[in-house]
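Keeping the supplied structure of chain A fixed, place chain B upon it in accordance with the hints.
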Amino acid sequence: MAIVEDEAAARTSTARVVAPPTARRPKARKSFLPVALVAPAVVLLVLFTVAPAIYALILSFLQMKVGSGLLGGGATEVFAGFANYVTTLTSGEFWAGLGRMLIVALIGVPATIFFATLFALCLDAKRARLVGITRLAIFLPYAVPGVVASLLWGFMYLPATSPIGGQIINYFGTTGIFFSVTNVAVWGVVGFNMVILYTAVRSLPPDLFEAAQLDGASEFQIAVRIKLPLIAPAITMVALFSVIGALQLFNEPTTLKPLANAISSTWVPLMRVYTEAFVNNSIYEGAASSFILIIMTVSATVLVNVVGRRIAGRETK
Amino acid sequence: MKKPTLKHVGAAVGVFAAAAMALTGCSASNSSTADSNQVVHLTFTNWDGGMQAAVDQWNKANPKIQITLNKPSGTGYTLYNKLITNNKAGTNPDITEVEYQALPALISSNVVIPLDKYLPDLSKNFTKSSLSQVQFQGKTYGVPQNICPMVFFYRKDVFDSLGLTAPTTWDEYAKDAAIIHAANPKQYIGNFTSTDPGWFAGLAQQAGANWWTTSGNTWTVGINDAATKKVADYWQGLVTQGVVTPEPSWTPQWSTDMNSGNIVGWVGAQWAPNQFPSVAKDTAGKWVAATLPAWTAGDPTVGIWGGETEAVTANSKYPAQAAKFVNWLNNSNEAMTTLITQAQVFPAAIAAQSLPALKTPPPFMPNQPDYNTLMATAAKNVRTFQIWGPDANVTFDSYSNAFAAALQNKTPLSAALDVMQSATVTDMKKLGFKVAG
Chain A
23 MAIVEDEAAA RTSTARVVAP PTARRPKARK SFLPVALVAP AVVLLVLFTV
73 APAIYALILS FLQMKVGSGL LGGGATEVFA GFANYVTTLT SGEFWAGLGR
123 MLIVALIGVP ATIFFATLFA LCLDAKRARL VGITRLAIFL PYAVPGVVAS
173 LLWGFMYLPA TSPIGGQIIN YFGTTGIFFS VTNVAVWGVV GFNMVILYTA
223 VRSLPPDLFE AAQLDGASEF QIAVRIKLPL IAPAITMVAL FSVIGALQLF
273 NEPTTLKPLA NAISSTWVPL MRVYTEAFVN NSIYEGAASS FILIIMTVSA
323 TVLVNVVGRR IAGRETK
Chain B
-8 MKKPTLKHVG AAVGVFAAAA MALTGCSASN SSTADSNQVV HLTFTNWDGG
42 MQAAVDQWNK ANPKIQITLN KPSGTGYTLY NKLITNNKAG TNPDITEVEY
92 QALPALISSN VVIPLDKYLP DLSKNFTKSS LSQVQFQGKT YGVPQNICPM
142 VFFYRKDVFD SLGLTAPTTW DEYAKDAAII HAANPKQYIG NFTSTDPGWF
192 AGLAQQAGAN WWTTSGNTWT VGINDAATKK VADYWQGLVT QGVVTPEPSW
242 TPQWSTDMNS GNIVGWVGAQ WAPNQFPSVA KDTAGKWVAA TLPAWTAGDP
292 TVGIWGGETE AVTANSKYPA QAAKFVNWLN NSNEAMTTLI TQAQVFPAAI
342 AAQSLPALKT PPPFMPNQPD YNTLMATAAK NVRTFQIWGP DANVTFDSYS
392 NAFAAALQNK TPLSAALDVM QSATVTDMKK LGFKVAG
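These protein sequence lines are chains A and B, in that order. Numbering follows my numbering, with no gaps: position 2 of the first sequence is 24. Numbering follows my numbering, with no gaps: position 352 of the second sequence is 343.
Derived from the structure by calculation, the hints contain no laboratory data. There's no promise every hint is true.
Examples of chain B residues lying across from chain A (beta carbon under 10 Å, computed) [said to hold, decoys possible]:
id	residue
1	T76
2	S99
3	Q128
4	Q244
5	D361
6	S391
7	A393
8	A395
Ideal Cβ positions, reconstructed from N, Cα and C, are used throughout, including at glycine.
Just chain A, with the same shape it has in the complex (with noise of 0.2 Å):
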């Protein structure tokens, strides 16, 4: 049922939205300043996301051919159809890149939740102490940038400066190049999600606990029972934040690299594209590979906003 009425009141929304503006806003005059307004945005939005991606859409249809003689002097781009796309499509490498990246998504997302929704209630508790410091050091990693976060931990794996038994653990291994490179990134963003559920769990009305306090509930019980739950619409956010962020994974593996054998030029998708676009000088291909992973983030985004919102919904009913 909840279900139902949450499709029946987005729509109403919906509605709402595309209604025509002189509805609602019948006194509205004939007036720049709104253009004025948004202009900034749109232009910037034109100038840095619109038209860069129709130049992209645009390359990902072409192919550069040489001329004829030895070293093929006077290049020219030609129409390619939908060969670079059925190339990346039909790249074991592609595939192979889009495994590895749900790997660490399998691992990374789930730490990541649980990790932010374990400190946000342990911050909340009531005998909690320390609270801004130690909210501050759960956030702080997130302040610094993925390229020396990676580059730190990188010392931190190999064997001749590691202070975390690098010498015993082998952090570049085959199976555990997957765990180093999650943990550089969960560690990056745990602090930030658990800011999110944090502020979530502390505007939930207080007299919740206290009444399930007077009712014997343990500090534990509330939390579990009682948080939880509410935060539950704040969780699927930071999951819908989870996972387009393992989607465009790159800083972590692409700074590892160079320390050892384990990762290669085409280790995720978006690395494949950056090596096609810049290293193998394919930008037509990169292009290809870029729309297709837009494509599939979108459908990602859709797919954890719908299922959460599902989750959600049967839990606050």
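Frame of chain A; chain B shown alone:
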């Protein structure tokens, strides 16, 4: 697992391109015809340390042709791919550094131009093998700057303590590797690196490989030929025995091992003493260079690892002046003296190979006063491929991936050569080159 979306990258590229245009703008702005009194301003992209000294020297002596040196944001193929992209926009510098293996790619993209009408006859001052790096189908695209023959560096103190001398053949190298590792399980004679395709290419050249050959307008690709497989199988044996470590070079791990004496040898090249201070700073004076081990005793043939030329771009409005500078930089004793002292270059120009500046060894090798005599001998015995392929970037990237995977998964290195071969051939065919077989 977060941030830079394609959007950000796109924005960064946009901003960067704008900045690049602003930077290189000066070359495009003075497009008016050059009368004899006008000062010509040229831009020069080069990432070598010490190049500024040579440029300053030129600017002082040539007030009419002023050079501005730019360091590129990315070196190697990052730069070359940018040059290819910017060529159409006309924003390339007048003169650029090009490593030998990348020159064919830049020629096939029309980024650089033939300089024959501006240059003197180079055959008087350069060997055939040097010129083969810059001359294609009877046209000259640059003046070779240096020769980087491969040489073997070893820790003399460690070798002495084990009663070993520098290996003269690869068989001896393998025996020494076993002795060193047996005496101290932490020590290795060297590492097999997946991050240096140019290194492996140099070893293949020595063994007689020819990754690319041409006949008429048709290419033959032979990356997995018998000679290269021999090299791969040889190193496979050492790695499998565990007497050579499979770790990549240029990592903190490698530096630590080189510095601490865990790695006591390096199959390197002429420019190694330039890198040693940042790789193994505490070991100055302990390394000695020796001729690269040979496949058959007494054969002095070696391959090259690295080396560069300066080339003039198609975007340059003043190719004659640019070529004049290029010729001065790489074909004059005065410029070479500066480059030898500032950047420890070993000149390709024959006359410059007997310059007094070469009597001083590189600062890191004070214990080897005749360092450059060894280089001069090695330089005479250099063997290269007939030609570098027009897509050596794909081959090199494929080397790094395929060899890293083979070392990681303990699969045969020779199979990795098949991967490189097919990646290279596929790409060449896709681009429209005629490939035999």
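Quick rundown of the hints versus the structure:
1. T76: 7 Å, holds
2. S99: 4 Å, holds
3. Q128: 6 Å, holds
4. Q244: Holds. Min distance 4 Å.
5. D361: Nearest chain A Cβ about 34 Å off; hint violated.
6. S391: Status holds, d = 6 Å.
7. A393: With a closest approach of 9 Å, the A393(B) hint holds.
8. A395: 4 Å, holds
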